[in-house]
Amino acid sequence: MEEGKEMTDEYKVEEGFYYTKEHEWAKVDGGMVLIGIDDYAQGQLHEIVYVELPDMDAEVGQGEALGAVESVKAVSDLYSPVAGKVVEVNESLLDSPEKINNDPYGEGWIVKVEPSSLDADLGNLMDAAAYKEFMATL
Amino acid sequence: MELKKTHIYEYHAEHGNVVDFGGFAMPVWYDGIQVEHKAVREGCGIFDTSHMGRTWAEGPEAEKFLNYVVTNNVSKLEPYGGLYTVMCKPTGGIVDDLILYKFSTEKYLLVYNASNREKDFKWLKKNSKDFKVKLNDVSDGVGMIAVQGPKAVDVLQKITEENIGEVPRFGIADLTISGYKVLAGRTGYTGEDGFEVFVLDCSLDNPEKALKIWNDLVGAGAVPCGLGARDSTRLEAGLWLYGNDIDESINPLEAGLRWTVKLKKPGYFVGRRAIQSMKDEGVKKTLVGVMMEERGIPRHGYEVMDMEENLIGVVTSGGMSPTLGKGIALAYVPPEFKAKGTELYIKIRNKFVKGKVVKHRPFYDDSVYGWKREKK
Chain A
437 MEEGKEMTDE YKVEEGFYYT KEHEWAKVDG GMVLIGIDDY AQGQLHEIVY
487 VELPDMDAEV GQGEALGAVE SVKAVSDLYS PVAGKVVEVN ESLLDSPEKI
537 NNDPYGEGWI VKVEPSSLDA DLGNLMDAAA YKEFMATL
Chain B
706 MELKKTHIYE YHAEHGNVVD FGGFAMPVWY DGIQVEHKAV REGCGIFDTS
756 HMGRTWAEGP EAEKFLNYVV TNNVSKLEPY GGLYTVMCKP TGGIVDDLIL
806 YKFSTEKYLL VYNASNREKD FKWLKKNSKD FKVKLNDVSD GVGMIAVQGP
856 KAVDVLQKIT EENIGEVPRF GIADLTISGY KVLAGRTGYT GEDGFEVFVL
906 DCSLDNPEKA LKIWNDLVGA GAVPCGLGAR DSTRLEAGLW LYGNDIDESI
956 NPLEAGLRWT VKLKKPGYFV GRRAIQSMKD EGVKKTLVGV MMEERGIPRH
1006 GYEVMDMEEN LIGVVTSGGM SPTLGKGIAL AYVPPEFKAK GTELYIKIRN
1056 KFVKGKVVKH RPFYDDSVYG WKREKK
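Protein sequence lines correspond, in order, to chains A and B.
So in our numbering, spot 127 of the first sequence is number 563, and the numbers just go up one at a time.
So in our numbering, spot 368 of the second sequence is number 1073, and the numbers just go up one at a time.
Bound-form chain B, shown alone (with noise of 0.2 Å):
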């Protein structure tokens, strides 16, 4: 099967290792995983996303259909405010991790992982159609660009006409890139500070806006950043990552993502029953952050033990932190594993590591790097 391109493959294949990404031929690095990763925590890196998905909501009943089909509240939000979220099965599984932005109470733009674009636009249908509302995917029709790190907004700030340093965090903009007209969110998937650039009206046949951001934006000093430093750094931040520590078996309260649910705001939401019991209930396991204390990395599907080796769970994300320098894990264990500081073994091939519960959004020092660090 001939893979997907995005709006930037012109690039990764001149640049990057390109390789088959649930279908997309995506770059995994251009220079290497360790330098791109320290390009996002120092300085500044930029993420072809282009492969996510993106719909537009619109209609009388776009606020009233994404009240019933996502756990968060969207009449909280201001327009041009963003808000993360989960949306549920009736059991409570998660469908999808996804961000809503709202421009009025009948226009959102919707963002979910690439993964799950024509899963989540099929469930998004089935569940509108009590509602006054029109879905409209155009994911194929709009590029998307990460520019994420501590010089970020600098970098974006030099192609940019308008001032971005006042669009708050998750809050969305109207903005004009390379002399492009664009939409940019300030949000990312690396825990750092910085905009994600939707870059309307461009297609597949016709990338060249994407394409001319994109340079700009390597020419104005972001490094370029494949898969690899896309998952090193949302892994030390401590995000999920759907397919590893979500999906349809999980229960957002499992996953630490109670915030997401807002059980009391008006009216059904799907999902809410069961997401109710479950707390009623009391989840039998949650989702914690392990740091390793010996030598080891800690990978997806590694059993965990306790101190008297009995099995208590499994890695669903693991990896070296280029940050901190040891193998850190999300893992699922009960809930009496879950305080900070909790020793357990990580089974790595025949061997018990020791490894320990630590709080893991994010794993770093949040004074030092990501987007809370105290500004130089």
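Extracted from the complex, chain A is given alone in its bound form (with noise of 0.2 Å):
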């Protein structure tokens, strides 16, 4: 078979930011750290149509479900890049969920968590250069 389009477009890896195998993205900003989906994973994706948020205050462990994430044909589970409690979510996503495919790493960050065993959790995440390679094994 020859490869789709989607397979062969680029896709930004951003620097700073800290990602999960499974395309979370993690950004540490105050104490605090924002979670969303990376630009490959919208790529995937394609045309986001809806955002299951997590309730506030919910309290996640590294890689439990934090929501998901659909396009018209497909849905994506949101796991948790790090440990914490949930301080705000993006409740805008909700009526403009293609924020998430326009500008993945900015409008489009999903949750935000207040970290409990931040230092632990960012050893077992990917750091931009550790991602591109992993990526380029896929």
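Rather than coming from a laboratory, the hints here were simulated on the basis of the structure.
All of these numbers come straight from a predicted model, not from anything done at the bench.
Treat the hints loosely; a few may be bogus.
Mimicking EDC-like on lysine to aspartate or glutamate, the simulated pairs with C-alpha atoms at most 20 Å apart in a straight line are [to be verified]:
| # | chain 1 | residue 1 | chain 2 | residue 2 |
| --- | --- | --- | --- | --- |
| 1 | A | 548 | A | 465 |
| 2 | B | 743 | A | 465 |
| 3 | A | 509 | B | 1013 |
| 4 | B | 1031 | A | 534 |
| 5 | A | 509 | B | 1008 |
| 6 | B | 1061 | B | 1013 |
| 7 | B | 1031 | A | 527 |
| 8 | A | 509 | A | 550 |
Reconstruct the complex from the two isolated chains, following the hints.
Here's what the structure looks like:
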């Protein structure tokens, strides 16, 4: 089979972010952690039409389900890159889920978590350089 | 395994996002599912449907054979008319849904699902043994393009010599499109007006005729649409997808296909006894349409609960309706839940999300969208 377009398109890996193998990102910001899905993941899903957000104050462990991101055709679970408590959710995504397609590392952030074991959790994630190496193996 | 390619593959490879769809290399979208969906509801979209099954049934007993193997009454068809029907196992389980077009009592064209091509042809062949009928699978020798939407007739007319406006719904006509002799049936799988064009004598090795018609349609203003929009438009129209909403474990009475089963037509047909006894006993589950009242997208396989949170059924097709902006689903539930307005929950991940039973064929307002819409 010939490769589809989405397989050959370039995707952006933002410096200064941490990444999971499931293509979530985490960005440490003033003691809090912003979480989203990366450019590769949004490109794979294509047109995102719905985001399921977690409840405020929900406690999550690293790798546990935080919500889901859905396109017309597919559902992608969102797993938390770090353990902690949900302190903010990006409610604007409920009406404008396409922000994740347009700006996955910025306006398309999904959840803000107050981390409970940040240093240990970051040790399990990849930085931008390591993530690029990982992506090259896919 | 190498994927099978259709007559239009050259275009898909250049413009589309091609995936493995049941062994065929097919596009899921070109520019995006939502814009393609919108083109079908508001303008004109075209779909490559060359992966579907097409078989000629010819011979002095063609009509008798078809009346034996399908549930609908083939004798009611006039020449150049088409009929939607199912064919069933002796158990009443659905082998496939299909459209058959009549040219004479001795000549019919059968059009069935891509995923069932081999199974259906074998089934037809096996059941044709006692009839004077010859079956000829021409799936690879006929290109097929669906032209769909409120502007489909206008767009297709631009490249067609004959006047196509007079062809009745479900009728088929000999037409000259892009200079080639074709057949075109006024039907489709989107809920919209339009045609399915059969490009005759067009082999996979020499697909130029089909490609020329496809490219001429694009030039005339049609928007190429992939399988994503094909699924989202058919779901909004409330149409059955074989393998999801119907299969060999489902009886046409359960699937809301009672209208395609003519129990009183003369002679036996395969599945008749089982369907009759299910009719006498009553069905235990029935296909309903569900529209979400809260945020959430139902998907194939999700569980359906009553308001006391008891498991009552399962979603067989679901998704976000681009036209309605809400999650919609087809689901099997016990008949006591089939009344319009009945509230129920769909379990989406770990949440019970509220929905209600609605009219679903189609889900949208058919005075605004679809082939019955009021012409402006």
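For a C-alpha distance cap of 20 Å, please report whether residue 509 of chain A and residue 1013 of chain B respect it.
Roughly 30 Å separates the two Cα atoms, so the pair is violated.
Within a Cα-Cα threshold of 20 Å, do residue 743 of chain B and residue 465 of chain A meet the stated pairing?
Violated, because 40 Å separates the two Cα atoms, which is more than 20 Å.
Has the given pair, residue 1031 of chain B with residue 527 of chain A, been kept, meaning a C-alpha gap of at most 20 Å?
Holds. Residue 1031 of chain B to residue 527 of chain A sits at ~18 Å (cutoff 20 Å).
CA of residue 1031 of chain B to CA of residue 534 of chain A, is that 20 Å or under?
Since the Cα atoms of residue 1031 of chain B and residue 534 of chain A sit roughly 16 Å apart, the hinted pair holds (cutoff 20 Å).
Measure nothing beyond the straight line between the CA atoms of residue 1061 of chain B and residue 1013 of chain B; if it is 20 Å or shorter, mark the hint as holding.
holds (14 Å)
Between residue 509 of chain A and residue 1008 of chain B, is the straight-line Cα distance small enough, at 20 Å or below?
holds (19 Å)
Need the status of pair residue 548 of chain A, residue 465 of chain A: alpha-carbon distance at most 20 Å?
With Cα atoms ~9 Å apart, residue 548 of chain A and residue 465 of chain A stay inside 20 Å; holds.
Given hint residue 550 of chain A paired with residue 509 of chain A - CA-CA distance at most 20 Å:
Cα-Cα ~32 Å, so violated.
Taken one by one, the earlier hints fail for this structure at numbers 2, 3, 8, listed in ascending order.
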